[in-house]
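Given chain X, work out where chain R should sit, using these hints.
These protein sequence lines map, in sequence, to chains X and R.
Take the first sequence: its position 47, counted from the start at 1, is 47 in the working numbering, and no numbers get skipped.
Take the second sequence: its position 414, counted from the start at 1, is 414 in the working numbering, and no numbers get skipped.
Hints should not be assumed to be uniformly reliable.
The list makes no distinction among identical chains, and a pair is therefore deemed to hold if it is satisfied within one copy or across any two copies.
Unchecked claim - Think about it this way: if two alpha-carbon atoms lie no more than 27 Å apart in a straight line, the pair counts; the simulated DSS-like pairs of lysine-lysine are:
hint, residue 1, residue 2
1, Lys234, Lys322
2, Lys309, Lys214
3, Lys214, Lys234
4, Lys135, Lys237
5, Lys169, Lys43
6, Lys80, Lys309
7, Lys409, Lys128
Source of the hints: derived by calculation from the structure; they are not laboratory data.
Note that the structure is a prediction, hence the values are computed from the model and not measured.
Number of protein chains: 2
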Amino acid sequence: MERILATYYIETPLAPEKAAEVLAGEQSSGTFIAVPGETEELKQRFAARVEKVTPLETVSTPAMPGAASSSGQYNRAEIKVSWSVENFGYNLPVLISTLQGNLYELRQFTGLKLMDIELPPSYARYYKGPAFGIKGCRKLTNVQNRPLIGTIIKPSIGLTPQQTAGMVKTLVGAGIDFIKDDELLAESANSLFNDRVDAIMKVINAHADATGKKVMYAFNISGEIDEMLQRYEKIVKSGGTCAMVSINSVGMSGVKKICDQRQLAIHAHRNGWGMLTRHPLLGIDFRAYQHVWRLAGVDQLHVNGIQNKFWESDDSVVSSIKACLTPFYNHQPVLPVVSSGQWGGQAPETYRRTNTVDLLYMAGGGIMAHPMGAAAGVVALQQAWQAAVEGLSVEQAAATYKEFAESVKQFGKK
Amino acid sequence: MERILATYYIETPLAPEKAAEVLAGEQSSGTFIAVPGETEELKQRFAARVEKVTPLETVSTPAMPGAASSSGQYNRAEIKVSWSVENFGYNLPVLISTLQGNLYELRQFTGLKLMDIELPPSYARYYKGPAFGIKGCRKLTNVQNRPLIGTIIKPSIGLTPQQTAGMVKTLVGAGIDFIKDDELLAESANSLFNDRVDAIMKVINAHADATGKKVMYAFNISGEIDEMLQRYEKIVKSGGTCAMVSINSVGMSGVKKICDQRQLAIHAHRNGWGMLTRHPLLGIDFRAYQHVWRLAGVDQLHVNGIQNKFWESDDSVVSSIKACLTPFYNHQPVLPVVSSGQWGGQAPETYRRTNTVDLLYMAGGGIMAHPMGAAAGVVALQQAWQAAVEGLSVEQAAATYKEFAESVKQFGKK
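Just chain X, same shape as in the assembly:
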């Protein structure tokens, strides 16, 4: 019978083997005292199994509140635990409850992070994965051999549909591939959703009619189920190609329902993610996280960016990009969305470390605040990526490309 394998980074006052057994028991057939009905046969079939324990460093200060160590030492380790697919079949919420549920409350751990998940082939058959993914998003935007260049409408909140559409007009005229709502905006008092779609799609459709290029706009449909489905339909009817969902806030069941429609590319915003990953010994690593959302069918997924304005290290961002691009059987990979303080200067380093242009590269001020205007801002980003692929440094790129040189003057080295 197929099994699902989860890797955890743990810290425990116990021997790591013992702690791993506690976790496996709690997440399959454990209770605090033996009760009737618990037979060896069903234990064998449904019990979680500790597959591997790799001891790591020992520390004297626990990372989090939990059981005290009698020796004063806390042992870190990597452990691998497996479950039979018979336990839950194909049910993502229950998979999540099993791999990342009550185990975080066990006092036997002073640190616990889900690092990775390995799923059997039948999961790739049961779930369709991204309806568009990298290939489909390239086709929708007609962009090949370079990252899609995108931007977020700022300020996040407060613009009227007409003001937003005005900015969209500037951006599509500038040659942008992708634009998105901010995650703080779904429908505000002065920007009703349908009005915003009407105003924006009028601009995008007119540009598409004139040039053949349909810019992808990710409208934030995050909300209740029926509302999301209505707004999804509004986008489809208006000729849009993408909907954005705040995946942590909407949650798995809601996101899956939206992805299942398979008519629009789904832009997955991971706001709230910091809460789930920021502590090195608590929560989830992106490698595990991206896996379940790809199963749900999101087409684009945020990964932060190199030299970002947030707390995340470049190593972590690189690892996240690679995770998105790692094949899952025959599924389309998800398009990594690079953002946060990006202006093009990070392109050479991003390319050097990931060796890919399969990205949606988002820049905010880097476009709208370019000294030569938004069109030059978009060109500068394309140049940055051209230079990156050519193996040029930021300095060499600036010496070669005029618009990019202006970006360096404006946004570089602050």
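Showing chain R alone in chain X's frame:
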């Protein structure tokens, strides 16, 4: 215009006032460089506002990775930030993205925890809250003036519907008020959902016909939207009164959709919660957490228990119970579900600290492994609560009540 107020516990290398402004900016109209279209008028209307900053202790080691402090000192503080309801109207996922979204990634914080939320009266009018709550759950189970006594079928996973129904038969015969599936079980290879409902409801309905008491069984419907709705309907048609949802795994939009049906009491399991709260300086406090789920309409919500088997302190559990019982305008309060290693010995302390019997008190082995049998186990729990209300200590209660005395011998002082 009404505003929503959020309280955060923060740690920052900056002056707390400065860090608070960064948070407010990021979560309303912030970007890394000024762009056209940002007028003073819309800033005033849509900008988040720092309402209060209360400096607390200073530490020399940051709680989490973030910006380094030039002084080597990290300042802790409580801050209050408000948003106009005009920013999002009545949209829980967007409320969540605003109050607990990207802010967790800000490098200007080395610790950030959402502690509480204050919502304006219009939220109590727009959202209906729990369809049943404490009052409704008491009515459905016909239990007054004491906690509902409940249990979880164990082992968590592996029993057939017939085995489960057999245990249910013992339990309802024993006088239990409430039984639930484990969160690890929705539908397993040897326990199909519909078969389980049929087998269990046959027992529960027969018992109700014979005695007039309908035991509440929380069937775990966690899954995809359509599947959850089908299973919900199956429970309704079979005469059931409750459905269980793993709220973190299903997510807000899915849970809201289920609650909106308002025909069954919704048992909200918070598995995965440890990840969101276990670190003292990261994530969410239960006071804030329970608020949004009550708006969604859950009727019962897990709070762990006094002297539990998990990491959580008694203080934290007491605070959670009180949060559930705190009125929100005219909404029914949510029924706190007390569980984890409970066997009745914790009843006096639980009552002493919370002064309430408005609880669903869950015991596992405490019932099924009682030396005199399950019926005595249920009686022992009722006695424990009777004694608690009478102000007896565990020792005094054991001297008074025979079945409880056996519990003390079996489960006390390990």
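Here is how each hint holds up against the structure:
no.	hint	result
1	Lys234 with Lys322	neither (34 Å within a copy, 43 Å between copies)
2	Lys309 with Lys214	neither (30 Å within a copy, 57 Å between copies)
3	Lys214 with Lys234	within (17 Å within a copy, 46 Å between copies)
4	Lys135 with Lys237	within (23 Å within a copy, 45 Å between copies)
5	Lys169 with Lys43	between (63 Å within a copy, 23 Å between copies)
6	Lys80 with Lys309	between (34 Å within a copy, 23 Å between copies)
7	Lys409 with Lys128	neither (46 Å within a copy, 55 Å between copies)
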